[in-house]
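Per this note's numbering, the sequence shown runs over residues 1 to 1176.
Treat the hints with care, as some may be off.
Restricting the straight-line Cα-Cα distance to at most 25 Å, the calculated cross-link-like pairs of lysine to any residue (SDA-like) are [what the hints assert, rightly or not]: (1) 384 / 445; (2) 79 / 112; (3) 79 / 140; (4) 398 / 443; (5) 912 / 986; (6) 912 / 927; (7) 126 / 147; (8) 126 / 40; (9) 1156 / 1032; (10) 912 / 992; (11) 126 / 113; (12) 361 / 406; (13) 110 / 56; (14) 384 / 361; (15) 398 / 429; (16) 384 / 494; (17) 912 / 880; (18) 494 / 548; (19) 398 / 530; (20) 838 / 915; (21) 384 / 308; (22) 912 / 987; (23) 367 / 429; (24) 384 / 313; (25) 1076 / 1039; (26) 1120 / 1146.
In case anyone wonders, no lab produced these hints; they're calculated from the structure. Predicted, not measured: the structure shown is a model, and the values here were computed from it.
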Amino acid sequence: MFRKLRIQTQLLLFLVLALVLVTVGLQTIQTLQGRESLVRAERQRSLALSGSVNSTIQAVRSFIVTMNDIDELDNRLNKLVDESENIDFVAVTWPNGEVIFHSNLAYKGKTVGALASLPTNETVRKDIAGFGPVYLTSTLYENPTNEGPAQFYITVGAAAEPIDRSLGRGIVSSIVIAVGAVLVVGLLTAFFLRRTVSLPIRRVSEGASIFSTGQLDHRIEPHGSEEIRELAETLNQMATALMQSRQELESLYRDMEGRVQERTRDLQMSAEIGRVATSLREANLLMQETVEQIRRRFEVIYHAQIFLLDDMREYAVLVESTGDAGRQLLQLGHRLAVGSDSVIGRVTSRGQTVIASDTRKGEVPWKPNPLLPDTRAEMALPLKIEDRVIGALDIQSKFPDVFTPEMVQVFEVLAAQLAVAIENARLLTESEQRIRDIDNLNRQLTRSTWKEFVELESAQPVSAGYIYDQARVIALGSDRAPKLLPNRTEASIKVRGETIGTLIATLPGGEALSDDSRALVEAVAERVALAIENARLFRQTQRALAETERLYETARAVSSASDLSAIYQLVIEQLNTGTNVDHIDILLSGPDPALVQYVESVYSWNRQNGLSTAARERIPVHSPFHADVEALPTTTPLMYVDITQELSLEHPFNSYLSGLEARSVVMAPLNAGGRWFGVLLCASQRPGGLGAGYMTFVSALADQLAIAIENRRLFEEAQTEAQRARALAEAGQLASQIGGDYETGLQNLFEIVAGPGRYDRWWFGLVSEDGTVLERVAASETGLPDVIHIVQDQNAIAEAARIGEIVLVNDPFDHPAIEEQDSATLDRWGKHIAAPVKIGSTVVGVMQIGRSLQEPNLDERDIQLAATLASQVAVATENRRLFDQAESQRQNLQTIVDTMPTGVLVVDRTGKIILSNQRLMELLGPEMQPGGQHHAQPYPLIRTDTREPYPIQEWPLDRVFESGQAALVDDLTVLHPEIGEINLLANAAPVQDADGNIIAVVGAFQDITELYELERALQESLRETTSLYEASSSISRAADMDELLQVTLRQAGSVQPDRTYLFFAEKKPGERFSAKLAASQPSDAFLDANDPVLEVLFRKEQATLQTNSAFEEINAFLDKAGLSYLAGFPLIVHEQIQGWLLIGFEQPRELTAEEKRFIATLADQAANTIENQRLL
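Using the sequences and the accompanying hints, generate a full structural model.
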């Protein structure tokens, strides 16, 4: 709402508010100052009253003892209050607020909290009960008496109402003065603002409103303050600028309207040219019409032309141009290199529009054309299909700087349309040409298929034509031609444009046919053509189905045949059905598919004998991969109509075929897996006896045969490789196990590999210590030397030793590493491979494997096998060396451990004992020898403390294998059948390889039986000593005789007796000892001390009674007492018997030596203590 007020009102309100705030602030300050003056005056009056009261108190201080002794002070204070104006009370108080004297007696002796701890010589305003708001002035004085605090307060309470009333009057007068001043100043300010602000702003506002109506020529008169006058001038200048801008916009609008009209005209012309161009389907006519339309419709353009890139995309060739200059350029074959320093070269290489706005300025590289001397501006636009440049549209003008951006856009659209139109015309032309090519191919196909059909049917009697005479149809032979009348009508019988026959029609009497009749004849010819074509297709389909069925049956028979001979026979049986076939051969290449030297007849058939016979005739040839393509078929079948005319005298099969008197031949290659390995050859003794159809059938059967042969070969190779791999695996295992019997192991190694590898000879020798010869270690019975000199001998073995590489010999008669020798010697060598046997990089021997010269050549697979076998022989050789070394070390180690007093046991992870000594076998059993299992201990093992069987899983060596940490066992006892129990201390530790894997465990077993018995004796002695000490301590602490007796019996219970008795000895002068039962355990246990049997026990020595005694009295006594054993121990002090301690057992049992020793010692201690008690 405040924003909606006028500026004048807003300024006035702000000014009035500021004046009010200033006036109120000043009056408030003045009022506060007046209040301070009143309070200060009141404080002075109150201090004077306080001083008067204090004088009264100080005047009587020599006559009083306490403050309360001051007489009539309360009345004086009351009188003082009555005499003073606006004083409500005067009080004398202690610092805690306790009132001593008060002008109002009702407060005397009371404690008033408001009067406690008031600031001295200051005046404060507080509410006091009974008085209301007062101004308190407090003064601190010294206590003149000897009682109470050292100081007291005199407080004067002045009424607050007079001071507050004076302050109120001052505030009201201040407000009245402020309001009056504000009104006066506000009126003056409103008048001033109206003249200097409101009226000038209103004039400015009215002028702005006039400007908004469009009257920009109006002017605002400047009035008022400087700012308002500047605002009016600014608005006037803005109006002037707006008027100028409007004029400029109107001019620009008119200019843009003209440019839009020109642009629309250009676009219309471009669209019209595009419509004309796209309506034409012939490319040359399209381009010619386009450039002519451009030149005619655009006045600034005087020349236009089109360039297209050649097939190599190296040159832009001029294909269409306007005017005489254009015709001359076309005749000259004008062209420009793509990427050359010209407008066309740049646009065809970059694919972007290039403009030379002024050819004389040279801003863009431009080459003048002498046939176009008037060119001042040139623009070339790319003709593009997607991102591919196919040419350029070139336009030229006689005027510089005529190609505006708008015109460039128009021509870019036109160039895009032209490129699409040219591409469409090209595609249309190519499509039409493709249709013509397809039509020609159809005609050629029809012609060739009919020719083939006629050739296939030529073997059977076929009519050359037919004649119909309204009564019957007569077949015409090749030697019988019909009589043709002059007025005949002929209509060609055509199939897909190719003439295959003629239909001739005549009327009786030789009359000419009418036009309708001739049309009928032509229609009939078309129907005949269709019928004949359908018949041919049916015959060929039937023939193809028959051949397909034959091929299917053959393929199924081939796939189910058991061997290659059966497959060969099936193929020949399918091929010899033709009447013209006289000879069939299956020729396979040899000796190796990778190195063809001959083809070998593996199966052949001849019509003269009528039987299939296996043959092995070889025809020497060169590799078909290096021969003339027509020498041997390697990829496609070949057919010779007459080899006497077509086959070269140098052909590898010329002499062979001549011997067969062959004339017509079909040769189909045997290919499988991209590898050529033979020929299927079919021959006829008649020229042209084998046709194209037969060649197709032969080719199909050749493919089936090739697949069968290849599958058989792959199966045999896989079988051979499996046998080789198994043999190598067995050889590897055998090589790793060869140790002591080195020569026999190598002999077995070579025999394992020889069978699968088809080797019948081998030889292996080691290099002598001086490195000059190879000494035979293992060999087959082929008569090869026992010693071969590495430097002197010229053979593959010596060569392999010298160069350290594998040497392959498939032809020992012609090999650089073998010297000339007689045939018998070379035959012993045969085809062989010599491979060095290396340990590291050192040649330690050479091995040779081979086969006879009549066997297939050795190949890469044999080389790999030889290398693998050589490495295995090297492993065996190294194992032998390591075995010898290890055996020597083992013997040394065995000698050392046999001298050790401790049993030593070394086992591997399988539990096999690797090393043990004689002491171990004495401790654990004779089966604990190398080669046995360490769990096969013949002697039982128990735990020393529990006597339980020792758990097998806690066997120290097994614990090491499981945990990987050393193990210590000291509770192992062997139950030796001869020696008895043997206590052992076993230590076991792991043996690790370089990778930290545990490969073995070493155990040491020490006989600690003596140590164990000594330890046990010490423990028993310690236990006995401890028991005696406890018993002695208990006995010595007994307070009286009864307690002593009970303690003695209780300590004797440590041997777990069933009954315990304590008798005292009594002796009268001249009599024997007599006894008296002093105590027993249990307490009701009783023995008759007078029984004569007890005299055996009542003596100075230890004595025992037990059942099965020789004395019946003793047995009867024990049976009566319910005991089986009773032992007596005398209580002797200073060689005097004091009594006896009897220990009884209900079950048969004897005290051990330790128990007897303990009870005897207990009896001695008890005897001494009893004697001491008696003395006390």
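| request: Could you tell me which of the numbered hints above are not met by this structure, giving the numbers in increasing order? | output: Of the numbered hints given earlier, those the structure breaks are 1, 4, 7, 14, 15, 16, 18, 19, 20, 23, listed in rising order.
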